[in-house]
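Undergrad: Chain B: place on chain A using the hints.
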Amino acid sequence: DQQVKQNSPSLSVQEGRISILNCDYTNSMFDYFLWYKKYPAEGPTFLISISSIKDKNEDGRFTVFLNKSAKHLSLHIVPSQPGDSAVYFCAAGPHSGGSNYKLTFGKGTLLTVNP
Amino acid sequence: ETGVTQTPRHLVMGMTNKKSLKCEQHLGHNAMYWYKQSAKKPLELMFVYNFKEQTENNSVPSRFSPECPNSSHLFLHLHTLQPEDSALYLCASSPGQNPRKLFFGSGTQLSVL
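Keeping their order, the protein sequence lines are chains A and B.
For the first sequence, the working numbering assigns the number 1 to the initial residue and increments by one for each residue that follows.
For the second sequence, the working numbering assigns the number 1 to the initial residue and increments by one for each residue that follows.
Any given hint could turn out to be false.
[Stated by the list, open to error] Result set (DMTMM-like, lysine to aspartate or glutamate): computed pairs, CA atoms no more than 25 Å apart in a straight line:
hint, chain 1, residue 1, chain 2, residue 2
1, A, 71, A, 24
2, A, 5, B, 56
3, A, 107, A, 31
4, B, 41, A, 84
5, B, 101, A, 42
6, B, 101, A, 55
7, A, 68, A, 24
8, A, 102, B, 44
9, B, 19, B, 85
10, B, 40, A, 1
11, A, 102, B, 53
12, B, 40, A, 24
13, B, 41, A, 1
14, B, 41, A, 31
15, B, 101, A, 59
16, A, 102, B, 85
17, A, 68, A, 55
18, A, 107, B, 44
19, B, 41, A, 42
20, B, 101, A, 31
21, A, 102, A, 55
22, A, 107, B, 56
23, A, 5, B, 85
[Claimed, not checked] Pairwise CB distance ranges, derived in the manner of DEER restraints:
hint, chain 1, residue 1, chain 2, residue 2, range
24, B, 20, A, 56, 43 to 49 Å
25, B, 16, A, 55, 51 to 57 Å
26, B, 95, A, 110, 27 to 33 Å
27, B, 52, A, 56, 36 to 42 Å
28, B, 70, A, 29, 29 to 35 Å
Hint data in this document are derived by calculation from the structure and do not stem from the laboratory.
These numbers come from a predicted model, not from an experiment.
We treat Cβ as the ideally placed atom computed from N, Cα and C, and that holds for glycine.
Here chain B stands alone, though its shape is the one from the complex:
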């Protein structure tokens, strides 16, 4: 148990669907992140939230919409995705005083048909 829980673990959706990924951290951290891992590519940072405020949007298409209602919860709302968006989506958190040390969830394996 890493202290960062992601649901669902697997998701299959059509291009016209709307779905949401959920992340919850039980570590008391101030910062939360969404990363994308595509096959044979490095982990790509998508969004950063620090004390519920978005501090980074790494040029992510608007079909990905993050939401951070509090420091413990992070959502990624998905709509009209493309097949190339199929990937492993990882949530992470970090202590505010040490943003280098990330604690990852197990990820959501997303397939867009």
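In isolation and in its complexed conformation, chain A is listed as follows:
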């Protein structure tokens, strides 16, 4: 059973508008969340993260919101740019680190930003 779900396989938005990518999780032990971005023929690259002690984290055009009671997080991109077109992966992990730390990934959402 998937513990991290990205229910929208794809999303298309106009340049300049807001992109909202959603992610749901089921494991209550998760308390650290990340978004990765992947271009074709490249590996995923880290985009932004949030700890469960916060409900919002912002980095330039990218903001991640966390709703712990709903076990839901979202990534907002404002304004969207054509270069943002990529697959976005949501990932989650438990609080403690160490050598056995594991991230659980969603299936990804393909974002297309149209000029």
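TA: Just chain B now, kept in the frame of chain A:
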């Protein structure tokens, strides 16, 4: 350049072949990982190495054999694979003090015929 280099980028092999995937990281990280990405599936963790020691084997079939000779190099030896093993294989590394932040290579797209 992400600092994590994977070769080859593409590999086609028959079910009776033996091949190896190579990963090298230039970031001074202590941990290295193999992930598998199949079509329309989440990234699946396969193996974790921390300071050259394997710390995780996520129930991976024995036809996949990892090797980590040092903290900078990671191999995945492949033998008698099945067509369903066709996927993108991603190597990643992380600083020992922050295993959450993974740095990925570009991957090897593997096709098993």
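Undergrad: Run through the hints listed earlier and report the numbers of any the structure violates, in increasing order.
TA: none
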